[in-house]
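Protein chains: 2
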Amino acid sequence: MKRNYKLQISYDGTRFYGWERQPNKEMTIQGKLESVLTKMTNAPDDDPVNVNGSGRTDAGVHARGMVASVVLDTDMTEDEIQEYMNKYLPEDISVNEVRACSERFHARYNALGKTYRYTCWYGTSKPVFDRKYVLVLEEKPDVDKMREAALLLIGTHDFKSFCGNKKMKKSTVRCVDAINIEESGNYIRFYFHGNGFLQNMVRILTGTLLEVGYGNIPVSDIKGILEACDRQKAGPTAPPEGLCLMKVDY
Amino acid sequence: MKRNYKLQISYDGTRFYGWERQPNKEMTIQGKLESVLTKMTNAPDDDPVNVNGSGRTDAGVHARGMVASVVLDTDMTEDEIQEYMNKYLPEDISVNEVRACSERFHARYNALGKTYRYTCWYGTSKPVFDRKYVLVLEEKPDVDKMREAALLLIGTHDFKSFCGNKKMKKSTVRCVDAINIEESGNYIRFYFHGNGFLQNMVRILTGTLLEVGYGNIPVSDIKGILEACDRQKAGPTAPPEGLCLMKVDY
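The listed protein sequences correspond, in order, to chains A and B. Residues 1 to 250, numbered by the numbering used here, are exactly what the first sequence covers, in order. Residues 1 to 250, numbered by the numbering used here, are exactly what the second sequence covers, in order.
Since the hints were derived computationally from the structure, they do not count as laboratory data. Keep in mind the model is a prediction, meaning the values are calculated, not measured. It cannot be assumed that every hint is accurate.
The list cannot tell twin chains apart, which means a pair is met if one copy fits it or any two copies do.
[To be verified] Once the Cα atoms are required to be at most 35 Å apart in a straight line, the calculated DSBU-like pairs of lysine-lysine come out as:
no.	residue 1	residue 2
1	K25	K140
2	K39	K169
3	K25	K132
4	K39	K160
5	K87	K233
6	K145	K6
7	K140	K169
8	K160	K233
9	K145	K87
10	K233	K2
11	K87	K2
12	K223	K25
13	K247	K170
14	K6	K140
15	K39	K140
16	K6	K132
17	K140	K2
18	K140	K223
19	K87	K140
20	K170	K140
21	K145	K25
22	K39	K166
23	K6	K233
24	K2	K167
25	K169	K132
Please take these sequences and the hints and turn them into a complete structure.
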């Protein structure tokens, strides 16, 4: 029986070329999910299973709460689907939940908001056990300054300066309603919540905030960086390993 | 100037053939530490640096609090030694502390006790982010039964049934003064504290407790297993990835 399903997925992005299926690249999250589900449902070659993610994550970016929707023609129960997927997916992809849902549900079109976390680490030792999930900083940035700058980035703005896609033709206006910077031991974690994020946007926001924290960009420049609508004005794109998609709101 | 140093070290044991230096095996923790320190101090080839660990960990076993002692001929400060080591050691070995200490201090001979943790995980999803640091269980074992059995293992006993070294000629009597089994979410963590542990002992204790938890070994058999002094009577050796040396007491 054909039904629409909502999947909640975690993955360690280290080994993958990102979420999106790509020709000749076997290691993508979407590609792995689709090939397991195509096999599971014996879908014909000319009509393979198509998994719709809530968005794309870049190569090397992780997820704890990616949501995807997929139409499956199967008599299996939700639990059986989850068990099958976890058995045949590689150990760095986990399906945490499978729920039958309205046929109108679409993981991307219906997403109302997303939470991303960017994790940094500093210290005289090394983060041996989560080295693939943090950005190691040479020294501690000024967190108060970063919080001041974050306040100026919150709100509905044209985030073109923070967009990694130079050819972006659609609107680059987004609403970021929260940026929280939490300190815990040797960790500094940036939490971003908004209605949507442009390509590389969270990583460029983080890279810019870190430049503020190191005194390379004054807090007073933030307004001008936003207004410039010029990627060259913002800070560098922070590397992918610190980033994790935490939650998608519907 | 020649001085004795106490090192506190963490490592992700996944890629290593264990702590102990071995001929023709480059990937050992002791070997990595010694080669970095030999280079740092320009020690002569016929008198390379010798690092003494508090004990040996098996291939694939991790440590958060390994302690080692080493005599170094250097004018560098403790902080400089730590910085040099962390710079040249691979990313899966971290030196957390370097302290000059009495020349009489020896990490193995002076160790009074050790804490090991064995981490298990069960559930319908998969532990994507710490998959290399846990044993994934097919189903949840009976924790109360395991706690009952653990009480019978606590104390000073001949642990020959729990020793992986068949040729062990020295005493196999050890004192295990605490075995705590903690549940948190999908995790079950076994904490072992004792004055010393035989080869594979923590892994065989864990493997035996899990058999109790699955009903394959009755709690009432534990006393007999200890008394038998026969490795064949105890449960299997739990795999290395769940094990971590947490702390060494002096």
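- Item | Hints the structure fails to honour | The structure breaks hints 1, 2, 4, 6, 7, 10, 12, 20, 21, 22, 23 and 24; every other hint is satisfied.
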